[in-house]
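Fit the two chains together into the complex; they arrive one by one in their own frames, and the hints show the way.
In order, the protein sequences belong to chains A and B. Those letters in the first sequence? Residues 3 to 524, by this note's numbering. Those letters in the second sequence? Residues 18 to 341, by this note's numbering.
Everything labelled a hint here was simulated from the structure, so no lab data went into it. A few of these clues could be false.
Said to hold, decoys possible - Here are the computed distance ranges between Cβ atoms for each label pair:
id: 1; chain 1: A; residue 1: 158; chain 2: B; residue 2: 205; range: 54 to 60 Å
id: 2; chain 1: A; residue 1: 165; chain 2: B; residue 2: 174; range: 54 to 60 Å
id: 3; chain 1: B; residue 1: 319; chain 2: A; residue 2: 466; range: 46 to 52 Å
What the hints assert, rightly or not - Non-contacting residues of chain B with respect to chain A, defined by C-beta distances greater than 10 Å in every case (computed):
id: 4; residue: 34
id: 5; residue: 90
id: 6; residue: 172
id: 7; residue: 186
id: 8; residue: 242
id: 9; residue: 245
id: 10; residue: 249
id: 11; residue: 250
id: 12; residue: 296
id: 13; residue: 301
id: 14; residue: 333
id: 15; residue: 336
Here the structure is a predicted model, which means the values were calculated and not measured. From the three backbone atoms N, C-alpha and C, an ideal C-beta is built for every residue, glycine too.
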Amino acid sequence: MNLDSITANIRLRSPWEATDLGFAMVQHNARWIFPAWTLLLFSTALIVWLILPADYQEYTPWVVWWLKPWYDRVLLHILSHQMFDQRLSTADIFSAMPRLFLRTGLPGALLWRRPSFSRGFNLPIWQLEQLRGKARSERQNLLHLQAHSHAVWLTIGCILLELVVIFSLYALIVLLDPTDGSWDYLSSAFTNTFDEETRYWGSIIYIALSTTATWLIEPLYIAASFSLYLNRRTQLEAWDIELAFRNMGERLRALAQAPLAILLAVFLLAGSHALFPSPVSAAESKGEYLAEERLPPEDSADQIEAVMQLDELSNMRTVKRWERIKPEEEEDERKSFTIPEALQLLFANITKILLWVSLIILAVMLFVYRERLLAMLKPLQRKPQPQAVPDTLFGMDIRPESLPDDIATASRRLWEAGQHREALSLLYRGALMHLTRHDRVPVQDSHTEGDILHLAREYLGSGQRIAWLTAVTLAWQEVAYAHRTPPGERVEPLFEGWIGFALRLRSGTDVQPTTSAGDMQA
Amino acid sequence: MTTSSLTLEQASTLAERIRLEIGKALIGQQQVVRETLIALLAGGHVLIEGVPGLGKTLLVRALAHTISGQFARIQFTPDLMPADISGHVLFDMQNQTFNVRKGPVFTHLLLADEINRAPAKTQSALLEVMQEQQVTIEGRAYPVPLPFMTLATQNPLEQEGTYPLPEAQLDRFLLKVFIEYPTLEEEAEMVTIVTDQQIGDRFNLASLQAIAAPEQIMEMQKAAANIAVDVAVLDYAVRITRATRQWQGLRFGAGPRGSIALIRAARANALLEGRDFVHPDDIKQVCLPVLRHRVSLAPEMELEGYTADHLLKAVLEKTEAPRT
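So here's chain B without its partners, still in its complex pose (with noise of 0.2 Å):
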């Protein structure tokens, strides 16, 4: 592995051995690892929502592999308090010093599993790291490790007892990303799996290789990043954001955050198919993971069974190509 910069096309055939490689673990759920690879490649965050068992934690603990990166779990549960997610201080009595004990958010890879099950004083911990990759403990800022990212999961079936993430909180996501039952052939194939000569019901990560190291990731995000984004293209994502601000049943449209996080997810996404520009369809194809937790349905649409999908592909019916 080499930490030089990469080209384009290296940094596209290694995003897709990556892929390839989460594949093994992750059976089926392609659009999932692809849309979480665009996250990483594009060094944003995903809240991932799906019922339980459908591989979530899998996902992380085999990208962290492939990625040779550090990985950590945080079971949000009412009682989590901030410091147990960004760490504290503590006095050493026999030093006569205040060490600082760092949490489990230094780390490469964070999952927080389950993170409207805490209230929202402990979900505004991860604000700061998501946002600037650092956390402030007793007023001195830390960074944490690069490439860093957050994968946050939801379950949607079970709402009692939780608490909705706030929209502040929400805009920090790149993506949502719904994880879905597999096929008959993908469980199939999964439970063979994950049953062949295995003790428990964990899939063995050892059989998995190491792909590239973190600083790879690192190039990889730059070249993401370098990707060419016509005038006209950028044009097209604003007005696709700026549409569902007045879309009639939408009670709120997305920032311009949203516009921003459709042309960082459109690069990852023409980096993924090995091409050095983006074009409309780069913006189609992310605008719904992009924009699907940024817009909030009126209630009559609501209760007459819409989603955020169904409002924004009319959005994206409506709203006219680039004309360049």
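Just chain A, with the same shape it has in the complex (with noise of 0.2 Å):
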């Protein structure tokens, strides 16, 4: 690398100074970029959108856009050239492709290292410098040390401006359309209700479009991580200081040239020395002085802060801070209460073994109450809480203390004392109590008679259970509703099946036997 031919004025900048270079590098140098840039870029998507099969070429711009490592080697071969004030022609461009393609790391760039977020910035290691294996490794690791952070948000910035174009092209177009056909079809984008041939002209506008937002952006980028890879380096190997020093020294020898400028060059030599000063030219110098006069080293030392004083030289800043009012005496009260270091370590040794205590109480109490815990831990899997069982329904008291202890023989005898509906409504209550208390049906106040049979069977499924509840409720419903009495006949088999009903109810399996009277009875 001849430094002596680089174009840009190296210098140390900070980081987005240089990532400004970069930009106006691309600019100053548009030229030279874009032709080969364009011929690049748009003929790979039309190869990609050609070799596509029909029903993908919709992802035409996502190929487009993981192939970009690709694109990056050619556009840094293009920039690196420029930097040092070499024109490459569109034809010297792509005949170096190859070579690019081959030497320059591309298939892992294109894989594994496809989604890094400092890809502009660690291209240069690949390609410039053509390190690979452990010292490519320790490279990246020390030029990433003070400029990583940077790579990475130029990257997340270049993204973001590649959407942002992006997105302003299409809302160009949207303003531009007279029809609201590209509206409709920007917004039916997000119920995909568009005809096939909508997306096809979609999918085109797309390709076009995020193709011109990498055509736009990725050179900026490029260069821009290019720019900062460079200070970098000059902040590493201090390229500044040595260009400083060859120029100088090229002065210096063309000032040697020139007979009549011997003394002038002489003057300046020691007018450099004088502005950097070492021992050795010092020594080297002796007897040579700008002033006639020798002054003592005190008037000197006065006339040396003289001059510093300038503001050229001075280099004083006004910085403006909150500042304690009191500051001394907090620091007195602060150091006034200063703990003992031996109690310090005594409550720390404390606080250490009550934390061990705690833990292992913690671990003793994880595993005594592991059952629990895990049940909180399957929400899914609890059953429900059950509802509270309610005590009237239908204005009927159900609870088991308020039912007789044989309920079949108690309506019977209501029955055949002639107040048929205080007989039907006593084994319906007997029933309700049933399916509420021990079927745990969730009858709620608004269930109606209809409800209540429905979600029973739900419960009960269909069997002898839900037969009588069926016939019950009928019964129920004739003389509550009806004020018809049902026939004897239809009746006393209700009063039998009471029994079934109840006893049925105890052999199942998901049921517990209760201790009120009417279920002892039966």
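What follows is the structure in structure tokens.
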């Protein structure tokens, strides 16, 4: 690398200044960058579009995006030559492509290194320094020490810029489209309700816009990354100082060739020694002074002090910050409250022991209550909390204690006494009591008789019990709402069936025996 | 067919036969057929809401055919005039007399297709006939043939250029019925029936039998009206209706006509099940079609995507069942 032919002004810059230099490089050298770049990018996009099967052509932008490391190499090739004042023709660039393809670590860059956020910054290490393996890794780590975060933010910024360009172009199309077609297309993209032809043209527009955004932003990204890389190397290898010395040497050499300027050269050399004083040079140039009179050390010190007071050299800055009003007093108070080190140690040790004890207790409790905790971790497997069992339904008291011991006998007695409604009511109450308390049927106040039957079917399934419940419900509805007494032959089986209803209940697998008097009797 | 008074059992059997006969033409849509029959038996009118092409006209034509009744259809359009519905008076030059030309409303079953496409003036021409079952032309009332029933349809999709029915008009409809798309099997069966040896896409109603006469329908209506309603059931219906008036999320609830409609429809429902008394489940079964057009949702509930049915179900869940 010949630093003499470098076209940029090499000096130590802040990372963002370096990034800005990269952008300026692209603007300055656009005419040598963009022809080849345009040809490369759009021909790649076209080839990808043609190669992909018709069903997958809408994925062209993703493929073009994925191939960015490939274009980056070409762009860096152009930019690095521009940096050393070598103008490459489009033919030169394309002829260099096979070499770039083979010798710049492209496969890795397209595969596992593709998601890297410092892709552009790392590229010169692969391509320009040609380092591989451990050497590359060490070099990269060294360069990353102070520039990695900026490289990452540069990548993120460029991604966002690309998105901004894409959305701006979409907005431009929407603004310039006299029909509402483009807007309709964009809004229907969220519902996916467009036809095949619209989808086709929509994907072509998207390819064009995304490729345009890449075309615009990618050279800026690579140039800025390259500039960041150069700045980091300038920082590490003092390129600026080397260049300054080289320039000086060149100038002095030119002066030495002119006989009339020898004296001036000597004079300048002395001046440079004054600017870059060193013990060696001072010893060598003993006896040569700029001033005729040699000042005593005290006067020199005063003069130096006076010169250093000048604005150009004093480097004075005014910094404003908040200060405590009485810092000394607080400081003193703090000092007076200093705890002795022994106490601190004691406190630390006690706390440590307490923490260990707590940890052990926690572990023991975790073990003891493991089942409960595991149950809490499975909320979906928990059974719903049983609802509060109602005491009254349809105005009927269905608490077990309000019912007689033998419901069937009591009902039959009422029936025979001519209290038909009361008899059926008692039977239905008994049934409701069992349903709500033992079968856990979630009966609510708003449930009608039909609703309860419907619910009971889910819990009792089909069989004798549901048949009996249906018959009781119908008889009850008849006496309650039609004010008509069902015939005795229809009611008698209900009294007899009560025992079966209750017995089946007891033999149920998921039902616990109850202590209610009615059940005991049954 | 006999015109003597029918027992409840006969009325129920007849209703079941009508239902089955209509079911031959209108494949699927059993709930719609049932609710339409409820309205017919309760002497009410039906507002049917559904997208075009689900067989609304076929339902009315099949119903008219099975009850041997007359059928007329009015396509409501923005330029339809009230006289186009009710009829008008013409001066006969030859006889020097005024003759009344009765409109299509003089029929047993009137299909008011897309009723919300006509302005309120025309819609309200139906008010009198729906409520009083008569039409006043030039100051003179003409009764319509009984049984009379209006089946109005609305399209829920195209709201542009429509005139929403005013509340007073909506209240006149006993039921609002939603007609939905048929299931896969039902649609396949329907396509088979309609296209099998048929010209065009109309169902051949000639294959349907006339099950009853209009007089028998009136007898069935009488049988339904005589079904017993316990005071507890009546109280339940009133409590449901009243609950809609203070319900959060409803802009306004149903009026007393809602309670009346609940009982009428519940009676018809009991008749369809062959019962001579109404129980609370009848009220629950007919509650949604009876009340969904009589309540209005608060704007915020509409914005959140709730429908009247959601809120009415909540009302039912919170209203205590009868306590006998």
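Against the structure, the hints come out as follows:
no. : hint                      : in the structure
1   : 158/A / 205/B: 54 to 60 Å : 57 Å, holds
2   : 165/A / 174/B: 54 to 60 Å : 38 Å, violated
3   : 319/B / 466/A: 46 to 52 Å : 49 Å, holds
4   : 34                        : 24 Å, holds
5   : 90                        : 35 Å, holds
6   : 172                       : 21 Å, holds
7   : 186                       : 32 Å, holds
8   : 242                       : 16 Å, holds
9   : 245                       : 6 Å, violated
10  : 249                       : 7 Å, violated
11  : 250                       : 6 Å, violated
12  : 296                       : 5 Å, violated
13  : 301                       : 6 Å, violated
14  : 333                       : 6 Å, violated
15  : 336                       : 6 Å, violated
Violated hints, listed in ascending order, are 2, 9, 10, 11, 12, 13, 14 and 15; each of the other numbered hints is respected by the structure.
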